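My request is simple: use the sequences and hints to build the entire structure.
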Amino acid sequence: INAEYGGFLAMLHAARSRLGHSLRAFSTSLSPALNVTVTSVSGSQWPESAPGLHGRTSVALLFEEDVAALADQNLPEFTDLHVESLKGGKASNVLEVFPGSADGASRLVVVGMGSKQQASTNGLQKAVHAAIQRLNGIGVSSAGIFVPGMPDMATEEVAACIAEVAVLSNYSWDGNKSDPSKRKDRLASVSLLVSRSHEQNLVSVEQAVEEQALISSGTILARDLANQRANQFTLDHFEHAAVELGANMETLEVKVVGLDQIEKRKMGLIEAVGRAGPKPPRLIFLEHKGNPAEPTNRVGVVGKGILFDTGGLNLKPTGAMEDMYLDKHGAATVMAIMKTVASLGVKANVVGVLALAENSVDSVSYRPSDILTAMNGNTVHVGNTDAEGRLVLADALTCLQADYSGTHTILDLATLTGAIRIGLGEHLCGIFTPSQALADQLTSVGNKTQEKVWRMPLLDEFREELDHPECDLCSTGTLSLIHI
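Throughout, the numbering used here is defined as the position within the sequence shown, counted from one, plus 7.
Quick caveat, the hints were computed from the structure, so don't treat them as lab data.
Mixed in with the good hints there might be a few duds.
[As the list claims (entries may be wrong)] Under the rule of at most 20 Å between Cα atoms (straight-line distance), these lysine-lysine pairs were calculated in the PhoX-like manner:
hint, residue 1, residue 2
1, 133, 354
2, 262, 273
3, 271, 286
4, 262, 286
5, 273, 286
6, 286, 296
7, 133, 455
8, 354, 296
9, 262, 296
Just so it is clear, the structure is predicted and the values come from calculations on it, not from any experiment.
Here is the structure:
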């Protein structure tokens, strides 16, 4: 799975739906978290609830049909211009009105969601995102969002969706600005406004929002780790963060495989890739023991963690190297998965592997044409030093299977090659698997979470492309690309 385009919700939702969970909160996010709460109000939507919202900024998410109903009420603060701009307009049109007081102390942000007949989770997400962007543009620190009724969605699902989008849309990475006044103003808290007519569901709505907040905090952690620059966040810092996470999570055990063990166990691929880096390569294992009754029945998640990728001696050109601090997305996502799995108390055994190295240039850099020996004994011809991700992942996968027997399913997440973006664009995550059942499961859950995936082919003929006349394998195949 290419972690650059998707998060970890597919795996998480699948595990939770099978095995259940209990909530245990833990927060390691570096960015300020948006506080999301649930509040019951007298009406299901504005304007019924307006009397209790004096002095507040609130958000109403309206379908065209709702707008038409408001037009019939002749509300003075909701003019014909407002109605016409939302009615028949594009979804996510945003307006501000000032209802409920002559001095304008109350503010209502109205966001269009298009026709109710075409309602979708994606449409709801876009509307909430538009609302959060407007609220941050206004500069308010808190707001209420009415939870609308959605066709074929329970109130709990709608509230959880709003909570997720609110937290993620509120995210900003600008902590390196030395002057705090130049950092973006962000919401500090959001209250989801639920009609008292759903009072009997209020507890379950609160639980759904609390659970979603834990999941979203994991996504924030993944973003924070990925956005760290290599000079500020080294391999040592990554290891320290993982060890600290394990120390704070009761069900997590952390094991670090350092350079001495990498060399002793003959992991020649990850050693070569990380040899020229300022810090030595390493593997970090985080194990969640959520099902002690079946200790060897486990799922594995492996993440590529190249702290910075210069391309090595096959140096990346200007324009292709500057954002390569993001080449640790896979490992960042795996660490966030393990935090979230432990926080939710998922009743499954899960082991995460961070395959960490830095692909740098030095007199000891590995070279194109080098022949390396993997942990499993295979010899590999280096076709291009910028195809380093597959090398570190190969040793990580072998080590996982050797040290954690009974791992029946492994998900490998990596920013492996820009070719997948060329093939699928920005809205799909490419998956490669020989298992039809696993592909179907990930596709189904990806559709549910709006993290859509597309299965790529794995033909028998592809294996022949990896043969090399002088050793077991070639790292780039017969038809290698100039730039990986």
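State the violated hints by number, sorted upward, taking the hints as numbered earlier in the document. 1 and 6
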